[in-house]
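Peer 1: Sequence:
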Amino acid sequence: MIEQLLSQPGFIYEINGKYYFLGKWICKECTEVDACDCVMMYNMCRSSNEKNETAMYFQKMRAYSDFALEIPYNPTQIRSDMEALLDSLSESALSRLQAQYDAFAEDLERYA
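Just so we're aligned: 95 in numbering that gives the first Met the number 0 is position 96 of the sequence shown, and the numbers increase by one with no gaps anywhere.
Hints were generated in silico from the structure; no laboratory data involved. Careful: at least some of the hints might be erroneous.
Here are the simulated lysine to aspartate or glutamate pairs, DMTMM-like style, with alpha carbons at most 20 angstroms apart [claimed, not checked]:
{"#": "1", "residue 1": "K59", "residue 2": "E31"}
{"#": "2", "residue 1": "K59", "residue 2": "D33"}
{"#": "3", "residue 1": "K50", "residue 2": "E28"}
{"#": "4", "residue 1": "K17", "residue 2": "D80"}
{"#": "5", "residue 1": "K59", "residue 2": "E108"}
{"#": "6", "residue 1": "K27", "residue 2": "E69"}
{"#": "7", "residue 1": "K27", "residue 2": "E13"}
{"#": "8", "residue 1": "K59", "residue 2": "E2"}
{"#": "9", "residue 1": "K27", "residue 2": "D65"}
{"#": "10", "residue 1": "K27", "residue 2": "D80"}
{"#": "11", "residue 1": "K59", "residue 2": "E49"}
{"#": "12", "residue 1": "K17", "residue 2": "E82"}
{"#": "13", "residue 1": "K23", "residue 2": "E69"}
{"#": "14", "residue 1": "K17", "residue 2": "D86"}
{"#": "15", "residue 1": "K17", "residue 2": "D65"}
{"#": "16", "residue 1": "K23", "residue 2": "E108"}
{"#": "17", "residue 1": "K59", "residue 2": "D101"}
Restraint-style ranges between C-beta atoms, simulated for each label pair [unchecked claim]:
{"#": "18", "residue 1": "E28", "residue 2": "Y72", "range": "14 to 22 angstroms"}
{"#": "19", "residue 1": "E2", "residue 2": "D33", "range": "24 to 32 angstroms"}
{"#": "20", "residue 1": "E31", "residue 2": "L93", "range": "22 to 30 angstroms"}
{"#": "21", "residue 1": "A62", "residue 2": "K17", "range": "14 to 22 angstroms"}
{"#": "22", "residue 1": "E52", "residue 2": "V32", "range": "17 to 25 angstroms"}
{"#": "23", "residue 1": "T75", "residue 2": "N48", "range": "34 to 42 angstroms"}
C-beta: ideal position from N, C-alpha, C; glycine also.
Whenever a hint applies, use it, and build me the whole structure from the sequences.
Peer 2: And the structure:
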């Protein structure tokens, strides 16, 4: 899972009731309310097959992820933080994260 996340641009994922920016340039908690709200709206629109709205929230989540990047880029720290996060998750939380990643990967092809 870590290699999948580190090979893709940043996105916002819900993990155990918290939100995280995860991707090849980022691994940190997302505490911005507007960004977290986009996750819920994205999931609602996606499950309702509302393609235009899903695309809009997908792009918003990508933009929030890019704006959250920290400089200087520290790939070693990002990998370390992501490994610690993933290692702390239960099997069911990892499974839910994988499902979110799979949806992201599908929509990345569709909307990027």
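Peer 1: Now look at each hint and say whether the structure bears it out.
Peer 2: Cross-check of the supplied hints:
Pair hint K59 plus E31 holds up; C-alpha atoms about 13 angstroms apart against a cutoff of 20 angstroms. For the hint pairing K59 with D33, the CA-to-CA distance comes to about 10 angstroms; that is within 20 angstroms, so the pair holds. Note on K50 and E28: the hinted pairing is violated, with a Cα-Cα distance of about 27 angstroms set against a maximum of 20 angstroms. Taking the CA atoms of K17 and D80, the gap is near 15 angstroms; set against the 20 angstroms cutoff, the hint holds.
Distance restraint check for K59 and E108: the Cα-Cα separation of roughly 16 angstroms lies within the 20 angstroms cut-off, and the hinted pair is therefore satisfied. For the given pair, K27 sits about 10 angstroms from E69 by alpha-carbon distance, which is consistent with the 20 angstroms threshold. Pair hint K27 plus E13 holds up; C-alpha atoms about 12 angstroms apart against a cutoff of 20 angstroms. Annotation: proposed proximity of K59 to E2 is violated, straight-line Cα distance about 24 angstroms (limit 20 angstroms).
Distance hint between K27 and D65 is fulfilled; the C-alpha atoms sit about 12 angstroms from each other, no more than 20 angstroms. In summary, the hint linking K27 to D80 is supported, as the alpha carbons are separated by about 8 angstroms, within the 20 angstroms threshold. Between the alpha carbons of K59 and E49 the distance comes to roughly 15 angstroms, so the proposed pair stays at or under 20 angstroms and holds. With a C-alpha separation of about 17 angstroms, the suggested pair K17 and E82 falls inside the 20 angstroms cut-off, and the hint holds.
About 12 angstroms separates the Cα atoms of K23 and E69, which keeps this hinted pair within 20 angstroms; it holds. With a C-alpha separation of about 16 angstroms, the suggested pair K17 and D86 falls inside the 20 angstroms cut-off, and the hint holds. For the suggested pair K17 and D65, the alpha carbons sit about 19 angstroms apart, so the restraint of at most 20 angstroms is met. As the CA atoms of K23 and E108 are separated by approximately 17 angstroms, the hinted pair is consistent with the 20 angstroms bound.
Simply put, K59 and D101 have alpha-carbon atoms about 18 angstroms apart, close enough for the 20 angstroms limit, and the pair holds. The hinted range of 14 to 22 angstroms is satisfied by E28 and Y72, whose Cβ atoms lie roughly 18 angstroms apart. A C-beta distance of roughly 30 angstroms is found between E2 and D33, which places it inside the suggested range of 24 to 32 angstroms. Taken as a hint, the range 22 to 30 angstroms holds for the pair E31 and L93, whose Cβ atoms sit roughly 25 angstroms apart.
Evaluation of the 14 to 22 angstroms hint for A62 and K17 yields a pass: the beta carbon distance comes to about 20 angstroms. A hinted range of 17 to 25 angstroms for the beta carbons of E52 and V32 is consistent with their spacing of about 19 angstroms. As the Cβ distance of T75 to N48 is approximately 41 angstroms, the hint placing it in 34 to 42 angstroms holds.
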